[in-house]
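Participant: Here's the letter readout for the chains.
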Amino acid sequence: MALDQVSTKDIIEALHLTLISGEEGIGRHILTSDISRPGLEMAGYFTHYPAERVQLLGKTELSFYELLSEEIQIDRMNKLCSKETPAIIVSHDMEVPKALVEASKKHQVPVLTTKLPTTRFSSQLTNYLESRLAPSTAMHGVLVDIYGIGVLLTGKSGVGKSETALELIKKGHRLVADDCVEIRQEGESLIGSAPPLINHLLEIRGLGIIDIMTLFGASAVRKHKRISLVVDLEIWDSEKTYDRLGLETETLKIIDTELPKLTIPVRPGRNLSDIIEVAAMNHRLKTLGVNAAEEFSKRLNRVIEEKDESGLK
Amino acid sequence: MVEQQAKVNLKSGLQARQAALFVQEANRHAADIFLQKDDKKVNAKSIMGIMSLALAHGTPVILSASGDDEDQALSNLIQLIEVEE
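So the protein sequences, as listed, match chains B and L. For what it's worth, the numbering used here labels the leading residue of the first sequence as 1, then goes sequentially. For what it's worth, the numbering used here labels the leading residue of the second sequence as 1, then goes sequentially.
Hint data in this document are derived by calculation from the structure and do not stem from the laboratory. A virtual CB, placed ideally from N, CA and C, is assigned to each residue, including glycine. One or more hints might be untrue.
[Claimed, not checked] Think about it this way: if two alpha-carbon atoms lie no more than 35 Å apart in a straight line, the pair counts; the simulated DSBU-like pairs of lysine-lysine are:
1. B/K156 / L/K45
2. B/K307 / B/K253
3. L/K45 / B/K286
4. B/K106 / L/K11
[Claimed, not checked] To spell it out: a stretch of chain L is covered by chain B in this simulated footprint if at least three of its residues, at any positions, have a beta carbon under 8 Å from a beta carbon of chain B; those stretches are:
5. 11-17
6. 32-46
7. 73-80
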């Protein structure tokens, strides 16, 4: 599991901010997606000042600040520019107070401006930081979107993951990533995508690397997809018993999220792409509240009970 | 070929999970194994076949096996259904 490093420089580029002063500090790291609007701090209350957050000054904070005497203004801005603060952003394209510029130069805290209104900018920044700071990992496997269900195919090298993916693509499903899937956890969901370098590419033994988008068109690929199901392919092991009922659900934990997992044995004569296509449909059916295995089991128990009462005991 | 009468002693009968266990055990043996209830005879290695019989507690069945490990197969499977839980 790796955490992305986000620096002030990244948000300047991503959200088109203008750097006013404190350029020395643009390498500072942003460690939290929380944003602070230092209203109370403007009023002098610094006891719980969340210095490690990005500080966002809107119209409210700045109009209050204007009411303060010059001496207090300088003091407040100096306190605001702590050594942890990654950035102070002024919204609405308002003019940056002189005392803030002075303090930012002194403490090397970047001061930035945006043209956007405070609340709109605040939500943009939160979204950006949340997705950048989400815990992420990379897994060996192929991610395919089958009927809108993100299915992660895993299994040893050479078991036929890419070949199965190719069959699925030919059936009209979409490739997200082959071989290496980057996964980030956003809230409760795991989002998988391809590393930029291997985007749209699939490697098939004997053919080499093929470009799925060029070969099959834009409808055959997807940039990212929420993963809902893991299908583990393994060479059929006659010693091992495979699920015959589907009553038990195995899970696989990725980052902090448990995903349902199916283990599907590979053997000549088993059409994997058909099986996986049906697995995805069955998963969908389960989320819609229809579980064939459970319903059958209940039906069977009912019949057994009836027979039991009919005098055989 | 060997054949033996047996009785389902599992309290709640051969429910889905127990049926799966039974079929799993049957599949460990090379012999052809059949289970007969009344006039219905099913392959003991087929889960749908076994479950379609809906074997309740106290049902008498006939197990038959033919093949190299027929005796072992029969005794193992009878043990499975005659166990009282």
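Participant: Under a C-beta cut-off of less than 8 Å, do 3 or more residues of the region 73-80 of chain L approach chain B closely enough to confirm the stated coverage?
Facilitator: violated (count 0)
Participant: Taking a Cβ-Cβ distance under 8 Å as contact, does the region 32-46 of chain L have three or more residues in contact with chain B?
Facilitator: Violated - the region 32-46 of chain L has 0 residues with a Cβ nearer than 8 Å to chain B, which falls short of three.
Participant: Keeping to a limit of 35 Å between CA atoms, is the pair of B/K106 and L/K11 held or broken?
Facilitator: violated (81 Å)
Participant: Within a Cα-Cα threshold of 35 Å, do L/K45 and B/K286 meet the stated pairing?
Facilitator: holds (28 Å)
Participant: The region 11-17 of chain L covered by chain B? Criterion: 3 or more residues, Cβ-Cβ distance below 8 Å.
Facilitator: With 6 residues closer than 8 Å to chain B, the region 11-17 of chain L meets the three-residue bar; holds.
Participant: Under the criterion that the straight-line Cα-Cα distance not exceed 35 Å, is the pair B/K156, L/K45 satisfied?
Facilitator: holds (29 Å)
Participant: Does B/K307 pair with B/K253 here, judged by a C-alpha cut-off of 35 Å?
Facilitator: violated (42 Å)
The structure is inconsistent with the numbered hints 2, 4, 6 and 7, although it conforms to all the rest.
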